[in-house]
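Trainee: Below are the chains, spelled out letter by letter.
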Amino acid sequence: MLARLLLLLCLLAPLAARALSAEQARALADGDTDARIAALDAAVGANAPGRDVQLRPFVQALLDDAVKLTPAAVLVVDGEQVRDAATGAAARLPEDAADVVNNNRMRGALQAALAALDLASPDLAKRRAAVAALAAQGLDESLLPLVEKALAAEGDAALKTSLRQLRATVMVGASDPKRRLAAAQLLADSDDPGVRSLLIDRLAQEPDAAVHAALQDALARLDARLAWGERLGLLFTGLSLGSILLLVALGLAICYGLMGVINMAHGELMMIGAYATYLVQNLVRAWWPAAFDGYILLALPASFLAAAACGALLERLVIRHLYGRPLETLLATWGISLVLQQCVRSIFGAQNVLVENPSWLSGGLAVLPNLVLPWNRIAILVFAVAVLGLVAFLIARTRLGLFVRGVTQNRPMAACMGVNTARVDTYAFALGSGIAGLAGCALSQVGNVGPDLGQGYIVDAFMVVVLGGVGQLAGTVIAATGLGVLNKLLEGWSGPVLAKIMVLVFIVVFIQKRPQGLFAFKGRET
Amino acid sequence: MMSRHSIAVLGALLLVGVLVPALNLLVPAGSALHLSDYVVGLVAKIMCYAICALAMDLIWGFTGILSLGHGVFFALGGYAMGMYLMRQIGHDGNYGSDLPDFMVFLDWKTLPWHWALSDSFWFQMAMVLVVPGLLAFVFGFFAFRSRIKGVYFSIITQALTYAAMLLFFRNETGFGGNNGFTDFKRILGHPITAPGTRMLLFVVTGAVLVGFYLLARWLVGAKFGRVLMAIRDAESRVMFTGYDPIAYKLAIWVISALMCGVAGALYVPQVGIINPSEMSPAAGIEIAIWCAVGGRGSLVGPIVGAFFVNGAKSWFTQMFPEFWLYFLGALFIAVTLFLPQGLVGLVKRRSRS
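Chains A and B, in that order, give the protein sequences. Residue numbers for the first sequence follow the working numbering, so the first one is -6 and each next one is one higher. Residue numbers for the second sequence follow the working numbering, so the first one is 4 and each next one is one higher.
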């Protein structure tokens, strides 16, 4: 039955080049899936470039479920209009017309056929998309001639290579060992992660020794290239974690350096920043939906101000009165963190709230086939550097920065020189809190926003401060990036929990050598 | 010499130790004087917490070292006891296997190495002391040797308990993952929920609390305690007068950890569950607040504080669950701002004026 059908189709093929015959249309639309796919492949394979008049729209119509069957004709429904698939003449849709049902396999074949037809398109972008689609779908052997034809006609060098590799994925299963060998050598230059499983698959069933060796070689070379992608990916996630830790720890380090106060509510100030982002997002969506993609630009100052105001209030009302009692401050700020968490729970509910990425922050940048860097992570990396630059400028070049440095180094002496240390404390604490708010805004783009948002990062941020020492931004920067990368490296090797524990052990051992952290003021301990 | 306060507290504790079991067991259930099992369980739980608070007072109130990681010692003692209790379940688990249920669930065929001797009561009781003690010794040795103090030490102990919590959350660690141990049936062959067993555990807990209180009094009153307080007030001067503060700090640190371990071991059979949340940073810092609320630097204070805070907690979580964290947070702030000597200091100030 199948053979007869194929024979029929082969006879019909020259005709099909010009137009779709009624028999062909029926063979494509009616019958069991095997026969339909065979007919489809034959029709596509016989199609001469540039001359397909009706095949492509018909395949598209099949995919769109727009084809109906009657005993007499195959009809294509296009909105209100109904046409006969073969003649193109207008027709009426009878009551008893049956739908053409495509299962998933048939859909795959139809999509591959569309892509194969597009291989002959004069548009380079279309051809490129077609090759990518075929590579993703897996090329069927029957479509090989089409690829050969396209390869012969292709002028673009890069696309030619891709086509060759596409051809190789089929050829690697050919019966002729020579062709398999050639294919294996070609595939070694592929950088598609999907090729790896194909190679492993073939290795298991390859009888020929030379081809086997070539396959093994191809696999090794492919693995070596993919390994680079993985390594770079690991480095990137490490840097990304480091940039988040930097944002979180920066504010903490400023407050600690200045006042010797560890602010346990720092995580909750981040949470306030994240919820401020959430509110701004909702406001923008409600009042100015056209500018939704830009809401983040409004959310940044909002989260900074919200957290900074909170921090200033906190400093004035609580921390100021505990001056010189750092352990009590620690407990009091912990109490504040409990109250803030519960406040947010009462107002927004205990569930996480939804903060959407603006469209320009979703998706990613494909650097290597197996290395896609998400835009939101890249943005946070850049943002962290920008915040760092601003803080460095503020500390090094402004009057407030001068005062902050002075008070950090020697509080009584700075006071004697006429610095209003109390006011400097408030400003610096507000600044540190504001940076926490910015960190919260950044975190809302990569993680969940909920009442316990701050808890997840805060212990790590403390470790950054411990490791980096206080008084110099460089210590915080190096400690944050170092811990971020170290954490991710160990994570890949031993899993996240053991990695965290090893990092902690590392820190405890490290401060044996340098109790004051990486960078400390050389001077007397007060 | 005993002050009036400590005699009052000892008397109150002994009274609780006698009165609570009597009112629960001997007074009929309908009577107004009858204490429900719930109240007995609550008092037992709080007595365990009071031991922790006492241990915290020794290290914080008297030596000036704030540990936020005492939860880990408490939980380790609890886990050591829990392992024994899990083995005592025997075949009565849901799966009727020799192994504890969670191991069957993980499809383990044999006991992991660290469970090898867990069916021996005395071995596990030794572990209640050895494991927290050893961890405290190693950690304290390195931390004190490199002169980590103040908030640095506090946040590193917090990281310690956080890391331990993550470790115990893992199923592969072999301590039941995030469910921990529960469903205990027997202790030393006696059914664990029987009134007699419960009362015995209650009395033992009370006796341990009183014993530790006396021990702490003795330690603090002796020369050892004087040196500790000197370290708290001026560590460099202590060093310059020829003492080695590291040895003193390490000793009191380990003693404090051991007390917490014992508290954990008493807590588990009475509460009936132990899981990694006991090691969370929040649990560790709560111990400090019991101590602060009651009054640091007085041995009575932490016991009062533990009863006050945890009594308030169970009242709030029953009546107004959503306000408990507000109250606790406010307590943290109010006590540090207005009551540096805690409730005991307040009473003292009143009686003086």
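Any given hint could turn out to be false.
What follows is a list of derived Cβ distance ranges for each label pair [claimed, not checked]:
| # | chain 1 | residue 1 | chain 2 | residue 2 | range |
| --- | --- | --- | --- | --- | --- |
| 1 | B | Ala237 | A | Ala467 | 51 to 59 Å |
| 2 | B | Val350 | A | Trp280 | 53 to 61 Å |
| 3 | A | Met406 | B | Ala237 | 19 to 27 Å |
| 4 | A | Gly488 | B | Gly93 | 29 to 37 Å |
| 5 | A | Gly485 | B | Lys112 | 45 to 53 Å |
| 6 | A | Phe285 | B | Val350 | 37 to 45 Å |
| 7 | A | Tyr316 | B | Val350 | 22 to 30 Å |
Okay, the calculated bits of chain B under chain A, using three or more residues with CB under 8 Å as the criterion [said to hold, decoys possible]:
| # | segment |
| --- | --- |
| 8 | 32 to 38 |
| 9 | 137 to 149 |
| 10 | 197 to 210 |
| 11 | 213 to 220 |
| 12 | 297 to 306 |
| 13 | 324 to 337 |
Keep in mind that the hints were calculated from the coordinates and are not lab data. Note that CB positions come from ideal geometry on N, CA and C, so glycine has one too.
Trainee: In ascending order, which of the hints set out earlier in this document are inconsistent with the structure?
Mentor: 1, 5, 6, 8, 10, 11, 12
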